[in-house]
Amino acid sequence: MPFTGIINKIARMFNKWIMMTLAIVISILLFQEEDGKLKHESTVTTLWILFIILSTIYTINGILLKIGFNKEITKFLKVGKPIKGISGFDELVASLKSSQTQSYLITFSSILSFGLYAFVVIMGNPIGNIGGTLALAMAFVAISVMFLVDYPEDPSLTPGGLVGFYEPDSFPLILDNLLSDVFLSYLDPVTLMKFDDWSFGVLNMLNKEFENDETNETRLERAREKILLLAYLAFSNPHAFTEKIVMKELTELIGDNLDDFIKGKNVGLTWKEIVNVVKRIEKRAPEPFRLVDRIMIELTDNYYNFIRDDLYFTVSAKSNQGSVIESSGLIVFFINKTEKTDRDIKVWYRTDINTIHPSYQEVNLTLDALTDAFPENEPPLISDGEDIDILSLLSSLLQVGDAVWFRLQPKGFGYRMVTVFAEEEAEDGDRSPTMGRSFEMKFTKSIGWYIKSYLPKLSGAVGIALPTLKGILGF
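Position 20 of the sequence shown, counting from 1, maps to 902 under our numbering, and the rest follow consecutively.
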């Protein structure tokens, strides 16, 4: 792990708990006096110096974060790509500046607390005990800021490093390409620019026989969807979709350029980076990936019943969420298993107006037609030759399928009931029987929510209460 990654991981995961422990130990020792002086002065001084050293890691991390971000922006500007115009760029910059400012504040508060303590030690008089308590108060103030500051997973801004830190503010309502559209929605501006370059490189690398009767745009869409599907299967089910199988499938797309594709030569992103980005997005938005799992189960365990009906309808939602700040995704997915091109569907959902916003939303959708007929006999999961298999069928169905991606904003914690309806317009103008799903969404208070909500307040309250109690009670 590079130096910047080590510093960032320490700041994100370990530092705050170590510094909290140090502050508690210092507070205990600070009130142990002997003849009006600190009983463990040398120990307290050592711990406080360690406290400052650890706090400087936040400033170092903030500086590295700024340097890395500016370096990436400069790269794009030098080749004539005005990345500042991409949607979400200003919000990303504001979040990074906020983290950097908070980093400096943590270090400054820690140094100030030690300065007050050093003054107490130098003065060496009973009045200094109040100053020592004030110094400890400043340490707890630093800790309260520490639990509020947020950093990206990777300060070097490698592809996908800002996923989770960057919060998208716009989402497509209609998903033409299920995985690609969701994937693009969660990419930060820096990774999005790299992904555009990657897509162009993939188009130039595609096997000439791959979808050679389609336009370049369609070829790229289908190749990109297949690649993202393989990236997901590579880490979600490596027992069935081994590295050998995944490489074989990629070879059908890329051909002789596979080695360059895997290493990221002429495309900008390596295969490993693509897999890591998909993995991070799956944690943030599991809805489309649960659809992939669900269709896979239908094809492997219920194949003949699945192909018998002319329409597939399902709903996938993030049913358990530990925050009310983020919106939650709900995907309504259809597969038109006929060659009809004029199947119109009206999709809507309802919920209690006092629990979720919006409480009602309606969309009209025209379904894509099935391009290739289903095999009469159930195909194998992976075929050795060129025969159709479950994997290729799954990829084809995801491309044919149509989806509506509703975004729901809860108004509080607890259980929320959501009902989804779908109605197809019949050839005579009437409506077919209504399809529907009702399901419960649970918005809970996660451990992370409790930490960010209460620990900063508790730490700040301790910092204020200590000098107050010291002055009133004189202990």
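Source of the hints: derived by calculation from the structure; they are not laboratory data. C-beta atoms are modelled at their ideal positions from N, C-alpha and C, and glycine is treated no differently. Each hint should be verified, as a subset may be incorrect.
[Unchecked claim] Per label pair, the in silico range of CB-to-CB distance:
#	residue 1	residue 2	range
1	Ala-1122	Thr-1220	25 to 35 Å
2	Thr-1301	Ser-1052	44 to 54 Å
3	Glu-1125	Thr-983	38 to 48 Å
4	Phe-1295	Gly-1137	18 to 28 Å
Now for the hints, and whether the structure bears them out:
1. Ala-1122 with Thr-1220: 25 to 35 Å: Check passed, 30 Å falls within 25 to 35 Å.
2. Thr-1301 with Ser-1052: 44 to 54 Å: For Ser-1052 against Thr-1301, whose Cβ atoms are near 26 Å apart, the range 44 to 54 Å is violated.
3. Glu-1125 with Thr-983: 38 to 48 Å: 44 Å, holds
4. Phe-1295 with Gly-1137: 18 to 28 Å: 52 Å, violated
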